[in-house]
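S.K.: Sequence:
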Amino acid sequence: MPVWSMPGSALLGRALARAGVSDIAAWDGTPTHGGLLLLRADHVYDAALVVGLTRSPGVLLCRPEDGRPVAAHLPAGTAAAPVAEALEAGRAPGDAAFAGLRPVAPAALTDSYDRALRKRGNPYLLRLGLETRRAVEWEMFGGSYKGVTDAITKHVWPRPAFHVVRACAALDITPNQVTLVSLVLVVLALWLFAEGAFLAGLLAAWVMTFLDTVDGKLARVTLTSTPFGNVFDHAIDLIHPPFWWLAWILGLQAAGMPLAQPVTVAVIVFGGYVLQRLQEGLFLALFGMEIHVWRRFDSFFRLVIARRNPNLVLLTLGTLIGRPDIGMLAVAAWTVFGCIEQVVVTVQAGLARRRAPLRSWLEQ
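Start counting the sequence shown at 20; every next residue gets the next number (my numbering).
Don't read these hints as lab results, they were simulated from the structure.
For every residue, glycine included, the Cβ atom is placed at its ideal position computed from N, Cα and C.
Watch out, some of these pointers could steer you wrong.
Here are the in silico distance ranges between beta carbons for each label pair [what the hints assert, rightly or not]:
1) Pro-281 to Gly-341: 13 to 21 Å
2) Thr-151 to Ala-98: 31 to 39 Å
3) Thr-151 to Arg-315: 30 to 38 Å
4) Arg-315 to Ala-108: 43 to 51 Å
5) Ala-371 to Ala-274: 30 to 38 Å
6) Arg-296 to Ala-95: 48 to 56 Å
7) Arg-110 to Arg-296: 50 to 58 Å
8) Ala-98 to Ala-170: 53 to 61 Å
9) Arg-378 to Ala-274: 31 to 39 Å
10) Val-362 to His-182: 20 to 28 Å
11) Gln-383 to Glu-84: 46 to 54 Å
12) Val-203 to Trp-157: 54 to 62 Å
13) Glu-382 to Gly-119: 29 to 37 Å
Using the sequences plus the hints, can you model the full thing?
M.R.: Here it is as structure tokens:
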């Protein structure tokens, strides 16, 4: 049964390969004794769950909804054939073939807090069938989303991004190809902003931010992420926003709506962006966590803090009322507030650590 336009077995093979399993083959009934992973290929496994299974010999992985075993990690000395037959037949954990194996739910094999995606939740283990395929893909897509991010990414992009990710997978479009289109749009938006063509530039910018959501989700659900792709994507994200704001200020001059103090505003939006990034790096170095995952309020504030998408909202609103200059002034003011807020949070964290070690609210 295909998932994301590939056989479920192929996706499982990618997950196993990422977990360090190099010898992967369909079960052929050959007598084998232990040191073996057995997984039903008619299920979709969270990649973190596969890693947890490879590190846990002697466990029997069971579906959370009905407790039926779907995978096992056989320790040395365990006859594989009876276990494989029992898994294929869908027998209960108490079956004699599973003697000596410890039944576990998916949550027992992984940490509920995903630091990379800044969210808390259990790994997915989903039955794949004709009637469940769309639901499985949607569940996987949701699992690929960051828990702490801006409001547009969190609440506006998911539904359309899901359909675009499905189309990209069907057309064999890679995440890096999507990122390359994003880079082209970054340059196009920069040029249009500098020319004072704000509406056209905003269109290019918003499409770029949408594709920035698509490429990461496509890489995660299809297990095609690469070190190069990760650096390529994050380098673009990190570098381009302040140059967009500088181009916007130049564009105001070209459009006959110059700011009274363009240099001052440029220093604020460019320097403020750099300062915010440095503050976030300092917080991570001091406290071992990202600044926006410490308290629930910090995660909430990440929805609107002066970053690319919230700033684009301000610029879009200003342009729609015919005052792109006011939009930029709003970005400058919001950037200053964001820097102050992050200084306050860092000081609060330092004081709190004197009383007890800091922990993210997502880990509690």
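S.K.: Each of the hints needs a verdict: does it hold here or not?
M.R.: Verification of the supplied hints:
Against the hinted window of 13 to 21 Å, the Cβ-Cβ separation of Pro-281 and Gly-341 comes to about 19 Å, which satisfies the hint. At roughly 32 Å, the beta-carbon separation of Thr-151 and Ala-98 lies within the given 31 to 39 Å, and the hint holds. A beta carbon spacing of about 34 Å between Thr-151 and Arg-315 agrees with the range 30 to 38 Å that was offered as a hint. Between Arg-315 and Ala-108 the beta carbon distance is about 46 Å. The supplied range of 43 to 51 Å therefore holds.
The beta-carbon spacing between Ala-371 and Ala-274, approximately 47 Å, falls outside the hinted interval of 30 to 38 Å. At roughly 50 Å, the beta carbons of Arg-296 and Ala-95 sit within the given window of 48 to 56 Å. Between Arg-110 and Arg-296, the C-beta spacing of about 54 Å keeps the proposed range 50 to 58 Å intact. A beta carbon spacing of about 55 Å between Ala-98 and Ala-170 agrees with the range 53 to 61 Å that was offered as a hint.
Taking 31 to 39 Å as the suggested C-beta distance range, the pair Arg-378 and Ala-274 does not conform, at roughly 49 Å. About 41 Å separates the C-beta atoms of Val-362 and His-182, a value inconsistent with the hinted range of 20 to 28 Å. For the hinted restraint 46 to 54 Å between Gln-383 and Glu-84, the CB-CB distance of approximately 27 Å leaves it violated. Separation of Val-203 from Trp-157 is about 29 Å and departs from the stated range, judged on CB atoms against 54 to 62 Å.
Under the hint 29 to 37 Å, the C-beta atoms of Glu-382 and Gly-119, about 34 Å apart, fit the expected range.
In this structure, the hints that do not hold are numbers 5, 9, 10, 11 and 12, in rising order.
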